[in-house]
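Student: The listed protein sequences correspond, in order, to chains E and C. Those letters in the first sequence? Residues 1 to 332, per my numbering, in order. Those letters in the second sequence? Residues 333 to 580, per my numbering, in order.
Derived from the structure by calculation, the hints contain no laboratory data. Predicted model only: the values in this text are computed from it and were never measured. Be careful, since some hints might not be right.
These stretches of chain C come out as covered by chain E in the derived footprint (C-beta under 8 Å, 3 or more residues) [stated by the list, open to error]: (1) 414 to 424; (2) 428 to 437; (3) 511 to 517.
The calculated EDC-like cross-link candidates involving lysine to aspartate or glutamate, where the alpha carbons are at most 20 Å apart (straight line), are [said to hold, decoys possible]: (4) C:K403 / C:E347; (5) C:K403 / C:D393; (6) C:K403 / C:E480; (7) C:K403 / E:D230; (8) E:K326 / C:D421.
Ideal Cβ placement from N, Cα and C applies to all residues, glycine included.
Listed below, chain by chain, are the residues.
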Amino acid sequence: MSRASLAFAALLALLVPLSLLAGRVLIAPWAEGPANAALILAELRAPRAALALVIGAGLGAAGAAMQGYLRNSLADPGLFGIAPMAALGAVASFWARPLLPAALADWALPGLALAGAGLGMAALALIAGRSTSDGAGGAGSGIALFTLAGLMLASLAGALTALAITLAPNAFALSEIVLWLNGALTDRSWREVALAAPLVLAGIAVLLRAAPALDALTLGEAAARSLGVDARRLLLLLVVGVGLTVGASVAVAGIIGFVGLIVPHLVRPLTDRLPSSLLVPSALAGAALVLAADSLVRILPLVTELRLGIALSLIGAPFFGYLLMKMRRGLV
Amino acid sequence: MLATEDLALVRGGREVISGLSLALAPGRIVALVGPNGAGKSSLLMGLAGLIAPARGSVSLDGEVLAGLSPKARARALGYLPQEGALAWDVAVEVLVALGRLPWGDRGSAAIEAALGALDLLHLRRRPVSALSGGERARALLARVLAGEPRWILADEPLAALDLAHQLALLAHLRACADAGQGVVMVLHDLALAMNHADHVVVLDEGRLAAQGPPAEALTEEVIARVWSVRAHWLGPPGARALVSTGLP
Chain E
1 MSRASLAFAA
11 LLALLVPLSL
21 LAGRVLIAPW
31 AEGPANAALI
41 LAELRAPRAA
51 LALVIGAGLG
61 AAGAAMQGYL
71 RNSLADPGLF
81 GIAPMAALGA
91 VASFWARPLL
101 PAALADWALP
111 GLALAGAGLG
121 MAALALIAGR
131 STSDGAGGAG
141 SGIALFTLAG
151 LMLASLAGAL
161 TALAITLAPN
171 AFALSEIVLW
181 LNGALTDRSW
191 REVALAAPLV
201 LAGIAVLLRA
211 APALDALTLG
221 EAAARSLGVD
231 ARRLLLLLVV
241 GVGLTVGASV
251 AVAGIIGFVG
261 LIVPHLVRPL
271 TDRLPSSLLV
281 PSALAGAALV
291 LAADSLVRIL
301 PLVTELRLGI
311 ALSLIGAPFF
321 GYLLMKMRRG
331 LV
Chain C
333 MLATEDLALV
343 RGGREVISGL
353 SLALAPGRIV
363 ALVGPNGAGK
373 SSLLMGLAGL
383 IAPARGSVSL
393 DGEVLAGLSP
403 KARARALGYL
413 PQEGALAWDV
423 AVEVLVALGR
433 LPWGDRGSAA
443 IEAALGALDL
453 LHLRRRPVSA
463 LSGGERARAL
473 LARVLAGEPR
483 WILADEPLAA
493 LDLAHQLALL
503 AHLRACADAG
513 QGVVMVLHDL
523 ALAMNHADHV
533 VVLDEGRLAA
543 QGPPAEALTE
553 EVIARVWSVR
563 AHWLGPPGAR
573 ALVSTGLP
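Bound conformation, chain C alone:
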């Protein structure tokens, strides 16, 4: 269980998350959604232990995150930042092996497993600069998987991917959740959250606006209140599309 208790996060002198209490269970895909500036990325960093709480706490299976050693925290929580720029143009397998840094072993079977799971074995020696956008996103996720974290915390992993690659990456994340890992990802596309998440957390100006199964958390009323947009869901459950009809 990854939980926050009356959490407040401050970045750049501004409180970006206020009084947030959440309890997220592993084995599910959790989508963090909200308008720009709602605090989604900050919350994800807070859950990853990268921003110290100004108030309240984040805990992992009952242990306060701030009390864990950086290594123990790094082994449990895999964080995939939104910005995937790499300083050096390394080969795919070198990138993926970086995921083993918290464990201190570079030749591990976990690297092979991560390369295999994301269909990267044939690209393992290719420099990252020579990958397509979809291959690159897979390689960056494989780096997180190679660390065998209990939780995968991904900031907009589907941004900049076309439809087919979005679905392929979602299938990988689903497999991780089915295998018992916790998956939390920031999403902008509400239809992806509606159709693919098990649990949706809606943030608005740093506060919890709604949470629950997608159909309960992402109602047209919530969308109107949080995003200030009139919108309607069309289509059957699991294949719903959101049509926005204008500003209220």
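Isolated chain E, as found in the complex:
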């Protein structure tokens, strides 16, 4: 285990118990807790903490992999179509739900969100996986095409989501959609953990398989291929890995941005800077960031809880600006 992984694992060991204590009511071994403290811990706070860990780990690892693939430290998995497509699927579920039998209605949102992510993955693989391999670079090369295809998907999904919002069947559905789009972990149960955890873990495992090829990309596309990297296989691993991690996250928590952007940045100086060294510590650091942010929004003294997605964007957007300023000075 690398030094960075150990550091973030230690941070998590500290954060997890703290996050279980934090909330509307303080539950601590040294204080007289409410009568239903055990229930609050087991059914509210523990699944919420577990979900924060799962989602944060997935988004952190996906961000590290995407930055490695695009050779750009400003890449965020949210920019590349899969998250907006998953969100579109989720929004579609607000229409589909009344049409479904009661047993299925509960699964409509995560199910359709995952279907949206899968559709996005398939579109990305179809468009970018067939790029020419004559080494000419430019817009015909796999990575450039992947980026453009992702942006196209993201804007299409964004437009359709906006259309869905303007056509909302009633005011209640409208507010539900808008609220849901700003990701949160409020009132999540073990059911969501059981849905997301296997998918996110599988996604991280797929991304780890791509790690050596991502390292080779440090030298550029041509040199990476000369080192034996199969560009098509790498694209497929990336699409599946990011699709599983990001798709599962959006399916259970809505859109939580900027984790994939911030975390690899914070972790990179603690590693040898190769993507392979970044994946596991970024997963751990992502878990720590989402867990800390979610604990924080729980204890803020506001009338209604600040949505986690909004909170992270409030942290993330200025951080992005800071990165741009640093890049302007040639330091990134």
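For chain E, the structure is supplied; the task is to place chain C on it using the hints.
Tutor: For chain C alone, coordinates are given in the frame of chain E:
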């Protein structure tokens, strides 16, 4: 033996190499020269197996390159691209270790040997961004050497280097050739090709214009025909200088 048989390469819809048959022997320094757009870099990529032939074939010791697995090809052929931009500001030893990716071992003695051969041991922990141009060129070549390839295919490895660093890098490549590795490099400076290569391949618009020992392939007549420049060689063999006297 690295050979091409009636090779045609297409890039961006244009045929950049046409009907090229070559047989290059290891243990020698081969210089690929030609005017801009002659197809030198494309041929080098074709030799490295990075562009699939539109016609004909590239073969390594009798085996068609397209039939080798990417890993087997990567272990045999080390490719040094012209553009040496790195995505991440890694330390020299991390960069050099990337050369071991086809072998899947990162702590190998080959890395130490490559660092030592290119006089980089004292710079091993320095980030690449903090290297001078000459040190950087050495580090990039060391990455290729760490893979212990049978062939080193380098695209303008001497560009952007001053005279002393050019000669130092050439000495390293000479040592590789003497040790039995094949060395093919794209060169722009015809005097460097004349004085330091064992074999010169002159390309013109994707076709073979001349090849052979430098003195036979780079005659003033060939230079006039291919580059459309009147030029004269001065000085003794091994230390010749090219003086261009104008357009014909």
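Student: Can you name, in rising order, the numbers of the hints this structure does not satisfy?
Tutor: Those not satisfied are hints 3 and 4.
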